[in-house]
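For the record, the sequence lines run as chains A and B. Following our numbering, the numbering of the first sequence begins with 185 at its first residue and continues without gaps. Following our numbering, the numbering of the second sequence begins with 185 at its first residue and continues without gaps.
No lab work stands behind these hints, which were simulated from the structure alone. Do not take every clue at face value.
Copies of the same chain look alike in the list, so a pair counts if it works inside one copy or between any two.
To be verified - In the EDC-like style, the derived pairs of lysine to aspartate or glutamate whose C-alpha atoms are separated by at most 16 Å in a straight line are:
{"hint": "1", "residue 1": "K245", "residue 2": "D455"}
{"hint": "2", "residue 1": "K276", "residue 2": "E311"}
{"hint": "3", "residue 1": "K327", "residue 2": "E437"}
{"hint": "4", "residue 1": "K458", "residue 2": "E311"}
{"hint": "5", "residue 1": "K276", "residue 2": "E189"}
{"hint": "6", "residue 1": "K335", "residue 2": "E358"}
{"hint": "7", "residue 1": "K465", "residue 2": "E358"}
{"hint": "8", "residue 1": "K463", "residue 2": "E240"}
There are 2 protein chains.
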Amino acid sequence: MNEFELIAHLTNALPTNQTVVAGAGDDCAVLDLGVPEKLILFKTDAVVEGIHFTKETPPEKIGRKALARCLSDIAAMAGTPTAALVTLALPKAFDPESVAKIYDGLNALAAQTGVAIVGGETTTNPERMLISIALLGTVPRGKPILRRGAKVGDAIFVTGELGGSLAGKHLEFEPRLAEARWLAEHFQLHTLMDLSDGLAGDLRHILNASQVGAVLLKSALPVSRAAKLAAKRRAGTLAPPKPAALAALTDGEDFELLFTLASPDAVKLLDAWKQQFPKLKLSCVGKIVADAGIFLRDQHGAHKLNAHGYAHFA
Amino acid sequence: MNEFELIAHLTNALPTNQTVVAGAGDDCAVLDLGVPEKLILFKTDAVVEGIHFTKETPPEKIGRKALARCLSDIAAMAGTPTAALVTLALPKAFDPESVAKIYDGLNALAAQTGVAIVGGETTTNPERMLISIALLGTVPRGKPILRRGAKVGDAIFVTGELGGSLAGKHLEFEPRLAEARWLAEHFQLHTLMDLSDGLAGDLRHILNASQVGAVLLKSALPVSRAAKLAAKRRAGTLAPPKPAALAALTDGEDFELLFTLASPDAVKLLDAWKQQFPKLKLSCVGKIVADAGIFLRDQHGAHKLNAHGYAHFA
């Protein structure tokens with residue numbers, strides 16, 4: 185049983201109550217706690233030493249990343265973050281100065297995004313550091329933008345550039361909070377999520393939840409410079425080749441927005457976006473189709489991607 | 185720098201915003217998110233293999249304990265729990281059946297207390313299992329019952345029996361949710377918290393926050409049977425003696441309620457409690473005084489407890 189199978193099994197029959205608007209399976213849980221014009225967003229996310237950061241990562245960036253990942257999930261619901269709790273699980277021989285710097289990075293991003301840090305706890309995890317953030321946010325009442333709303337014919341968009349995040353961006357990315365709120369206010373988004381496991385993997389969550397498929401246009405993928413550089417470097421080595429477009433499809437931790445809306449809105453959106461966010465790329469990378477699966481179209485035709493996002497790259 | 189010193193340093197200058205009613209330093213954070221008649225309670229708590237449970241602990245009880253600890257903190261604010269997220273950090277070679285049983289224990293307690301489990305995540309912690317729960321609750325608007333409200337002359341109460349929890353109670357305790365709500369509805373509590381680090385240690389949090397001291401009456405301490413048995417067993421060994429009353433003062437994980445209220449209400453409370461909760465002991469264990477510190481009174485006089493809750497036991 186892998187992680188996804190385990191989650192599917194565990195989330196099959198969870199206790200619920202009348203406050204739950206959306207439970208397990210979306211970017212955040214959505215609760216109705218009786219705020220007249222708002223619903224509550226609730227999210228946790230953990231980073232673990234040796235997996236999401238290393239002993240060499242500057243501690244300020246560890247703290248920043250821990251909170252930024254959670255903020256990206258609030259952005260994925262077009263929400264506004266409110267308050268966070270910080271769980272620090274530390275080896276016994278922790279360096280207090282380094283822990284203080286973790287908080288410096290975390291606090292700076294919290295202040296920048298209007299988030300109150302309202303407590304948490306320190307506990308012991310003898311072998312490695314683990315930081316878990318619990319974050320609350322709000323979103324205007326109405327239909328929250330979930331993963332299950334994609335419709336055949338929708339245009340598929342992503343913000344920014346994709347791939348190669350582990351070269352540096354994963355420690356410095358900007359959660360797309362303002363962009364997501366603007367999108368939700370001005371356009372009728374059918375689905376919205378953030379990219380954490382790679383476009384191919386995350387898009388599949390939308391497709392499965394919406395029972396549709398997608399065609400992506402290879403030439404439209406906004407491949408990052410980091411992904412191109414990595415592809416070039418690999419080309420001179422014995423490592424198996426990894427074309428930059430494959431990296432854009434399968435590298436994790438992009439933390440950009442992925443969303444769909446009705447095709448007739450696409451041109452209007454691209455124009456308005458350029459006015460509003462001139463420095464951030466917005467790309468229409470494909471469309472939603474009825475046939476299940478993800479197809480990548482290039483000059484040679486359309487190739488179905490396998491479960492890991494791979495396909496024949498020409 | 186120990187855990188408490190680190191926390192004091194870290195919580196010195198946390199980012200805040202206008203939603204924060206009470207931040208770090210109480211049993212739960214208290215937020216005003218605009219629910220007309222309620223404030224929001226927000227809490228996280230983690231249990232770690234080898235510290236809060238062992239490889240031999242039945243998995244159902246691990247899951248139950250993880251949630252119960254957080255519920256006890258909601259009880260400590262006289263609140264009602266609403267929804268929880270579950271973070272499971274697992275070694276790579278986890279046993280899916282055992283993880284499912286952890287959820288069984290957790291889900292059963294959630295259903296029993298009206299809590300919705302609205303998601304969470306699984307991540308990797310290679311060497312040991314760690315479970316963190318993030319819990320939301322509500323409490324009627326008005327002044328939340330914090331730790332800083334103790335007044336000279338207050339009577340000090342505890343529910344249940346104290347000491348020896350690690351012999352079994354720590355895996356099976358009932359969070360005192362109904363009792364705390366009843367107390368807050370019917371009496372003017374000045375302070376309220378739950379006992380997790382032992383009466384002597386936890387009372388000190390109230391005393392420091394309220395800038396007062398306390399006299400405890402040794403003969404009034406509700407010493408548990410488990411603490412008495414443990415004291416007897418130690419008496420026959422080479423281990424240093426640990427009188428049962430000391431265990432009641434210093435053993436952790438009691439998860440009973442500790443509260444204070446004005447002395448004139450004490451007798452009325454004891455009478456009403458017996459009617460309402462005939463099966464659960466309620467003990468008046470001492471009173472709040474002006475002099476800083478905790479004094480333990482027995483037939484030989486009053487002895488000041490040291491930082492670890494120890495004193496000369498006659």
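Each hint, compared with the structure:
With identical chains, the CA atoms of K245 and D455 are never at most 16 Å apart, being 35 Å at best within one copy and 57 Å at best between copies. Taking CA atoms no more than 16 Å apart as the test, K276 paired with E311 passes in both settings, with 9 Å inside one copy and 15 Å between copies. For a Cα distance limit of 16 Å, the shortest separation of K327 from E437 qualifies neither inside one copy, at 27 Å, nor across copies, at 43 Å. In this assembly of identical chains, the alpha carbons of K458 and E311 never lie at most 16 Å apart, being 48 Å within a copy and 48 Å across copies at closest.
Taking CA atoms no more than 16 Å apart as the test, K276 paired with E189 passes between copies only; the shortest distance there is 14 Å, against 34 Å inside one copy. When the C-alpha separation of K335 and E358 is checked against a cutoff of 16 Å, the pair qualifies neither within a copy, at 29 Å, nor between copies, at 48 Å. Taking the closest pair of Cα atoms, K465 and E358 come within 16 Å of each other only inside a single copy of the chain (13 Å); across copies the shortest separation is 54 Å, beyond that limit. For a Cα distance limit of 16 Å, the shortest separation of K463 from E240 qualifies neither inside one copy, at 31 Å, nor across copies, at 56 Å.
The structure does not agree with the numbered hints 1, 3, 4, 6 and 8 stated previously, though it agrees with the rest.
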